[in-house]
Amino acid sequence: MKRYLYSSIVAALVVICIGTYYIYSNVSADSLPTINIQKISGDEKEIKSMIITGDYAGNTDSMRFNLTVNGVDFKKNNSFLEDNFQQSHKIYQLRKKYRNFMRGKLNEASFYEDKNFLIYSNIFNENYSNIEDDIKIKTSVLKKKDNKKTSFTISIPNEKQYGSFYVQDVQLVKNNQLKLIANNIQNVYSNTPNNEIHVYTIDLEKQKLLSDDVLTSDPVGDTYNQYNSYSYSDRTIPNKYFLFTNDQLKMVDKNDGSYEEKLVKSQFIAYNLEKNKKEVIDLPEKLKNANIEAYKDKEIYLTIRDKKGVKLYTYNLENKKIENECTLQLPSNGQDWNEGVTVTFAQNKVFLLDSYVNEKTESQLFVNDISTGKSLYQGKINNKGIDKEYFIRFDEIQVKR
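Numbering-wise, the sequence shown is residues 1 to 401 according to the working numbering.
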C-alpha cells in the first residue's frame, strides 16, 4: 500500500511541476525583450546558417533563446524535458529529420553522421541502477538509403572500476569499425588511477567489442590529470584524429595555509583513429602560448588573442608545419580579444562574438575568412523592451551544414 501511495504522490508532484512550468512560460512570454542582429558591414548571407544560443535574465524572467539573422526565438514553447535538458541545435535538426531514430538521444558527442550513416553510441546504465555490472555501450545505426535501423548493446570490460563515463567523440573508420572515445572516472574506492581516456573499438557487423585502449591515465602520487578535448562547430562530422590536452596538476601549499593548483606538465596529444597511434604534438615556438580553438581532419586552428587583435594560424598535423597565418580584420578599439569572446570555426570562416551584454555593455559579431583574415560581416546585437537591470550571455555559435 505504501508503494502505491508513494507512486501517487510522485505522479501528482510531476503533474504540478510541469503545469507550473507551462503557466510560468506563458505568463513570462509577454514581458520578454526583442533581440536582433543589426548589420554594420558585409553580406548577411555569411550568417544565414548561423545560430547563437544564450540565456536572458531580467528582473522577473530568465529564459534560454536562439538568435539568428531572422530574430530571436525564446524557448517558451519547448517541452518541459527539452528546456531542462539542454540540447544543441544540431540535435534539434536531427530530431526533426530522423524523429524515430532520435527518440531518447541527446548527447551530441555520441553522434557520427556522414552521407550514408547516422550513428549513435553511448555508455549507460542498462537498468538505471547503482550496480556497476549494468554498465553497457548502446549503439544504434541508421542507414540513410533504406532508413534501416539496427541497435545492439555490449558490455564494458572492468566496468566495476568506474563510477562515471563521459563520451567525447564517436567516429567511423575503415572496415566498418566504430571508435567511441570516453573519459572514464574511476570509483573512489578503486585502487587504480582515477581518470582515464579510453578508445573502444566496435565491429558494427559482428556487433562486438574488438578492443579497449587506454590513451592516458592519472600519474601515481600527488599529481592528477585534467583533460580537454577539441572539436569543430559540428561535433558529428567525420574526423581522422581525436585531439586533447593532458594537463598534469598538483595542489601546493600557500603561505596563508590554503592551497592552489599548479601546472606540472602539459601535453597536446593527437590520436590517429585509423592507425590507432598516439602522438604528442610539439607545436612550434611561436604557437606555444596560442589558444587551440578547433580542428578538422588534419588541420588545427589556433589563435593568439590580445588587445592588439587576433592572429589566426592553421597547423598541419601530418607535415608538422604552419600552413597559413593571418591577422583578422577587426576594429582597433583596445578590446582584449582573449577575454569574454565566443569563437567558432565553420564553413572556412571564424565567428567571434562578445559573450556578455548588460545595461552597460553591448555585443558585436564578427565573421572573417580563415585563410586571409578578411572581414566578411560585422554586426551588433540590439535589444528592446529589456528590464533596467538585465544580463544576456551568449554561450555558443552553431552553424548548420
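Derived from the structure by calculation, the hints contain no laboratory data. These figures come from a predicted structure and were not determined experimentally. A hint or two may mislead.
Said to hold, decoys possible - DSS-like, lysine-lysine: derived pairs with alpha carbons at most 30 Å apart:
| hint | residue 1 | residue 2 |
| --- | --- | --- |
| 1 | Lys307 | Lys45 |
| 2 | Lys320 | Lys39 |
| 3 | Lys48 | Lys384 |
| 4 | Lys265 | Lys275 |
| 5 | Lys400 | Lys39 |
| 6 | Lys97 | Lys208 |
| 7 | Lys380 | Lys360 |
| 8 | Lys75 | Lys400 |
Okay, the hints, checked on the actual structure:
1. Lys307 x Lys45: holds, 29 Å
2. Lys320 x Lys39: violated, 39 Å
3. Lys48 x Lys384: holds, 22 Å
4. Lys265 x Lys275: holds, 26 Å
5. Lys400 x Lys39: Judged against 30 Å, a Cα distance of about 20 Å means the pair holds.
6. Lys97 x Lys208: OK: Lys97 and Lys208 at ~29 Å, within 30 Å.
7. Lys380 x Lys360: At roughly 15 Å apart (the allowed maximum being 30 Å), Lys360 and Lys380 satisfy the hint.
8. Lys75 x Lys400: Measuring from Cα to Cα gives roughly 19 Å; hence the hint holds.
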